[in-house]
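Please build the complete structure, drawing on both the sequences and the hints.
Each chain, written out:
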Amino acid sequence: MKSCVLAALFLAAALAAGAVPAGVAYTEGQASVRLKSGTVRDAAIGDILNTGDGVRTGADGFVELEQRGVTLRIDPGTVFTLMEKEQKGRTTGVLSLVLGSVKFRYDKLTGQEPLIQTASCIAGVRGTELTVYAGVDGSALIVVEKGAVEVEAEGATVALAPEEAVEVRPGQPPGAKFRPPRERIDYRSWNDEKLRALMADPAAAMQDVLDQLEFHIAKTNEAWSLYQEYSARLKQEREIQQEMINAKRIEDAQAFERDVVHAITVQTSNLVLNYRYYAVAALSLRRFVGGRMYLLQKAGQIRESADSSFVSFLAKYEQMLSAFEEHIIPRLLEVDI
Amino acid sequence: MKRKLVRLLLLLLAIGWLFYGVSCSLLGVSIEDRVQQFVSDMNETDRSDVYLNFHPDIFNMAGAQDPDTWETNFPVLKIPYTYSALNTSDPLNVTFTVINTDGLHWSIRFEVEKLDNDWMISEMYKDPGDVFATTLIIN
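Residue numbers (the numbering used here), protein chains in the order written: chain A, 1 to 337; chain B, 338 to 476.
It should be emphasised that the hints constitute simulated quantities derived from the structure, not laboratory data. Mixed in with the good hints there might be a few duds.
Residues of chain B clear of chain A, computed beta-carbon distances all greater than 10 angstroms [to be verified]:
no.	residue
1	Ala399
2	Thr419
3	Leu429
4	Thr432
5	Trp443
6	Glu450
Stretches of chain B that chain A covers, calculated by requiring three or more beta carbons in the stretch to come under 8 angstroms of a beta carbon on chain A [said to hold, decoys possible]:
no.	segment
7	377-383
8	409-418
Glycine included, each C-beta is placed from N, C-alpha and C at the ideal position.
Right, dumping it as structure tokens:
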């Protein structure tokens, strides 16, 4: 069977709906785009975002993105990235919301909608209109206006129907479904509530983030160890091939490349994509959730004298940094940071 | 007299160098240059810059940026890689054959796209056989 090795990386991605570029249709206030190359610039109408690119809006910023068949309204104070990961042999688009709120409006569903990810859950879209909120403590709130959405966290799934909502705390399964208020939830009030809870028990909030980071670490390590396993298999097969080469059986070695080595090369390449995905997701969690919590706590301690809750918070924070440095940093590239 | 000649020669050299530099930046990277650069990058032990051959808008920049991708597909152990049978007549179907140090070969197909004056790789196919896959289609 004829096939492509790098096609798995560069083409399969294109077949997934999530990998379709998104265009900036409207922007106002303070809003920037961060390209995967690391370049950051002010968002402008007509900008095209691809996998790995992100949008960040300031307190007065607003961006409307248009992807094929879906409009994304990115509200003020939001950090949002287009990502992708390999799932069951195909590349799936992931719309990653780290902080803030985004409203998704689908014109029609194709069955290939990208997943929506926050620090605490993953939502599979079966609906046409939904809003996702991501709080300062890593919590998420998913509100479905039309259609249906499946929310998954910590191995548990909740199916939401129209006018239903669910909240997910980091490191925990989705909570109970509830009927959201008729008027749109005010992100700032919701997030302030999270902030108050965070300030009341910062160590517990940091523990939630730590749990979530550990999930990303486990996934990164799983993909990495599979990558190592496949790399070792690839090396073994290449050694067998080398014996053919040493015996001057070049045609046999070429046939071996086509029939055996090629398939393992494709799988190994896909695993690179997966460990990169989870490592980059962990980077966002550490930078935008953990890092922000630290700054908030630190600012509070400057105003007041350091108390025992801050000391416990700091211990958890340092635990998070150390886990991040040990497991995630080695999987990141210079361009990610 | 001799001194004048040397000065004139140096001046001509400087003008020539300047003209070469300006024309290179005006003409940019040709498709042939891009293929040569890509293969040359495969012959480096450090593959962290390979992604710079690709158009910044490619779907999977994360994979292209990771040197592990290139090590998996073109092991450093098999350096040097050479290429032959380059056909650049169609930017959407640039084809060539990469050969490793043992004489094993792969058919490569690039789709290239212009970014300012430089041709960049926007898609890449690699096949251990002689016929390119047709099952994956860009939409």
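Which hints from the list above does the structure break, by number from lowest to highest?
-> Violated: hints 1, 5, 7.
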